[in-house]
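**Student:** Given the structure of chain A, go ahead and fit chain B onto it with the hints provided.
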Amino acid sequence: MSENKINIVLAGQGNSGKSAIFNFLTGLHQHIGNWAGKTIEKCEGTLFYKDYTIDVTDLPGIYSLTSFSEEEEISREFIIHQKPDCVINVVDSTNLERSLIFTLQLLEFQCPVILALNMFDLSKKKRITIDINKLRNLLGIPVIPTVASRGYGITRIIDKVIEMEGDKPEYRIQGYGKEIESSIDKLALKIRELETPYPDRWIAIKLLEKDPVIMDHIRSKDAGILEEARQLSENLEEIHGHDASLVIADERSHLASRIARETVKLSHRHKTTITDRLDSVATHRIYGYLLMLAILGGMFFSVFGFGNWLSGWLDSIFTNWHGYWKEQFGETIPAALGWAGIESVLALVQIALPYILPFYIILYFLENWGYMSRISFLMDHFMHKMGIHGKGCISFIIGFGCNVPGCLSCRIMESKRERFITAVLVTLVPCSAVSVIVFGLVGKYVGLWWAFGLYLLAALVILAIGKILSRLLIGEPVELIMPMPDYKTPGIKTILKQTWNALKEFVYIAAPVVIVSGVFIQAVNLAGWMPAISSFLKPVTVYWLGLPAVTGILLIFGILRKELILVMLAAYLGTTHFAEVLTPQQMITLAVVSMFYVPCVATISVLWKEYGWKKALLICILEIGFAILLAGLVKRVLDLFW
Amino acid sequence: MFVHILTNLEQMEEQVGQLSLTEMKEGQLGTIISLLGGRLAAKRLADMGITPGTEVRLIRKALFKGPVQIEVCGSGLVLGRGLASRIMVEPR
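If you read the sequences in order, they're chains A and B.
Convert by adding 37 to the 1-based position in the first sequence; the result is the number in this note's numbering.
Convert by adding 41 to the 1-based position in the second sequence; the result is the number in this note's numbering.
Treat the hints with caution; some may be incorrect.
[What the hints assert, rightly or not] These stretches of chain B come out as covered by chain A in the derived footprint (C-beta under 8 Å, 3 or more residues): (1) 63-72; (2) 87-95; (3) 113-127.
Hints were generated in silico from the structure; no laboratory data involved.
For every residue, glycine included, the Cβ atom is placed at its ideal position computed from N, Cα and C.
With the rest of the complex left out, here is chain A:
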């Protein structure tokens, strides 16, 4: 390592403002959100400060460094293996006691730690006084107050990092109870003789806690130590009457409260705050749900109204462009393929700007305000019927805008099982492109209530599939444990930054697949295979679904982006007045197939990326089969009554 190179890691609980510090340090923007555990992947950036090159890594928001969930394990592995020169533990200073538990766990790693007391301004506002000197003495590490949103205190952290680099501090050991400490010491002494990448005291603690990963690690080196650890944990269990891992966790938690009691003073503890007053409505048993419906309903209708207007306007511009293209390049095959590529890009713009952009702005507003946690609270019981907990509702809401970010947001779920269930269900949520079909076809020509009926059908389908999936996929459902943050005034800059990042992510993931498949399908079309395909699909489209044969082609184009079904229907039938060419039953059947038949290519690419191609393919095949079956049944039911 060169002399002036320093590695630092930011670690802290979700919602502590860690990402804001990261942004401030590196200028590399990424997500900051008001719901815990939002940053999941690690982010890296470099800072040039004075004569130093400082590599900064931002780790997922974590509550515990035990192997409870994947992200936590990733972080633990990271700190242990990368051996950063310094860990900056960012904590929410309005919530010091809970944060200190994590700080104590970090200290067990025996690496240099700096405590950043973030949101220091908020703690002052809440009349919380923190005795920084005392905290520094009790923990034995530097403690620096910061306000990340305004950049206050951050250079002091970096100065401290550099200072510590030259003069490595001694590790002060945090004393747990007497019996625990003597057990740790006994084990640590033996572990010191082994070759391991981990600090000995930390291994000793993990062995007492019976951490399976660490036990395997030690077993391969000296099985005798495991036996001794087992005896010592049994001793502890005898003294305390419960599991050794809990004895240590309890001890940590109590030590944290003791430190908090000695350093934090609260005045006016139970004064009614704005948060309390807002929550008495927002989480109310009746008004809470009404407010939620009003907020979400308002959001969908305003986004949809705005989207339709802007999309129509963009459409008229892009149609002209197609004219210019034809004039310039003629109607040769390469020209048509070139236009197919451009059209795919324009299609992305047409979905990203009118629908996804305003949707994200409102979404991030709600999130930064703190409302998303309230929705999770209200919806938890309902979501449990689908085998997932309340946080999954957030992914559903995002899915309404676009399934791509909806599927990405499933990372907020703790376990793999929950994440997968949520992602599958999100692909069934009618996104804004599907809404275009439902409202443009059924809502306009059959009746608005029929359109709402289709949404109800979607809700029932999601509920049913969720129930089936939660039965099929083995595993204990994870219960909701979620901090309820105070409401905060959302910063416009933060919202715009997040929206920009989300849009960028959407484009990065969606664009390549959409362009390639757009050109490919156009090539098939130009080769003149479409009539063959549509007659091949006739048994399904015509005989089972009772639709015109041309819908076979539409459904293939619809994989690119679903509202193409409607656009191309107009082109093929030569009219936008669909009532002249389709019966109401046909419109409803077509809408049902479009809703469920397959996620669009962009969503498929996310599923592929997150869950592997096998699962992505399986989801597609099952959903195609399911959509065709369901739409056929819907048609038959409609035929009975019409």
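**Tutor:** The following block gives chain B in isolation, referenced to the frame of chain A:
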């Protein structure tokens, strides 16, 4: 004590003044006595500062069998109903 409580649910109810978190009234304060249920769940809770001896205040319960919101360590926390029903509290 764990086994004792688990095997003798009726007796547990007789133990004076012990309630599960879900049985507390809104606004009521209490001290956590024990955490029943899995080791992992208990550990996850301990990492959030919920351990025997900690003071909690029940803020509100959601409709039907929804989650409960509590105040612990001076800040709000939401727990699923199943989890909360296994947290035993001695109310004040």
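**Student:** Mind taking a look at whether chain A covers the region 63-72 of chain B? Criterion is 3 or more residues with CB to CB distance under 8 Å.
**Tutor:** violated (count 0)
**Student:** State whether the coverage of the region 113-127 of chain B by chain A holds or is violated, taking the criterion as 3 or more residues with Cβ-Cβ distances under 8 Å.
**Tutor:** holds (count 12)
**Student:** Verify this for me: three or more residues of the region 87-95 of chain B with a beta carbon less than 8 Å from a beta carbon of chain A.
**Tutor:** holds (count 9)
When held up to the earlier numbered hints, the structure conflicts with hint 1 and nothing else.
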